[in-house]
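S.K.: For the sequence shown, position 89 (counting from the first letter as 1) is numbered 89 according to my numbering, and the numbering increases by one without interruption.
Keep in mind that the hints were calculated from the coordinates and are not lab data. Heads up, some of the hints might be wrong.
[Unchecked claim] Computed beta-carbon distance windows for the label pairs:
{"no.": "1", "residue 1": "P87", "residue 2": "P134", "range": "35 to 45 Å"}
{"no.": "2", "residue 1": "K37", "residue 2": "V130", "range": "27 to 37 Å"}
{"no.": "3", "residue 1": "T22", "residue 2": "R56", "range": "28 to 38 Å"}
{"no.": "4", "residue 1": "K148", "residue 2": "K37", "range": "17 to 27 Å"}
{"no.": "5", "residue 1": "S115", "residue 2": "N27", "range": "14 to 24 Å"}
{"no.": "6", "residue 1": "D126", "residue 2": "D84", "range": "35 to 45 Å"}
[Said to hold, decoys possible] Distance condition first, Cα-Cα at most 35 Å in a straight line; then the derived DSBU-like pairs of lysine-lysine:
{"no.": "7", "residue 1": "K93", "residue 2": "K37"}
{"no.": "8", "residue 1": "K37", "residue 2": "K143"}
{"no.": "9", "residue 1": "K41", "residue 2": "K153"}
This structure is a prediction, so every number in the text was calculated from the model and none was measured. Built from N, CA and C at the ideal position, the CB exists for glycine as well.
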Amino acid sequence: MKKIFLPLLLCLLLPCAAWAETLPSLNLAGLTDLLAKNKGKVVMLNFFATWCPPCRVEIPELIKTSKAYADKGVVIISLSVDEDAAPVLPFVKKMGMDYPVYLAGRDITRAYQISSIPHNAFYAKDGTLVLSEPGMADESMLKMVIDKLLSQK
Numbered sequence: 001m002k003k004i005f006l007p008l009l010l011c012l013l014l015p016c017a018a019w020a021e022t023l024p025s026l027n028l029a030g031l032t033d034l035l036a037k038n039k040g041k042v043v044m045l046n047f048f049a050t051w052c053p054p055c056r057v058e059i060p061e062l063i064k065t066s067k068a069y070a071d072k073g074v075v076i077i078s079l080s081v082d083e084d085a086a087p088v089l090p091f092v093k094k095m096g097m098d099y100p101v102y103l104a105g106r107d108i109t110r111a112y113q114i115s116s117i118p119h120n121a122f123y124a125k126d127g128t129l130v131l132s133e134p135g136m137a138d139e140s141m142l143k144m145v146i147d148k149l150l151s152q153k
């Protein structure tokens, strides 16, 4: 009996350990809920992929911006568009992405018409989408957009 129990227990527990080491997936309904929960804050959505060189350049700036605006009502959320989820969590850890990161569902990429990455979208405090465009966001662009949105009532 013991010879059967231990292998069976391992078979049951190993998938749990693997599941614990993955990023959460997010569909459009989940993103809508997440945006609603952050109403009253400026929200930036950053669409990226692990294989995207400009994304790798942009991410350190996002980390810096997230820290600089953490206590000012700004939330940065990154959404991976990778088709293979396996490399995403190691990439997030390696890059030091210490803000929310999700695996984007295809319904999200369709809704935001993501045709190239990186792609960034900004929401005002009232929850209105004010800017959604492809391309890398540098420090001056991030500061300009975020400061303008923070100054609005």
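S.K.: Okay, which hints does this one fail, numbers in order?
M.R.: Violated hints (numbers, rising): 1, 2, 3; every other hint is consistent with the structure.
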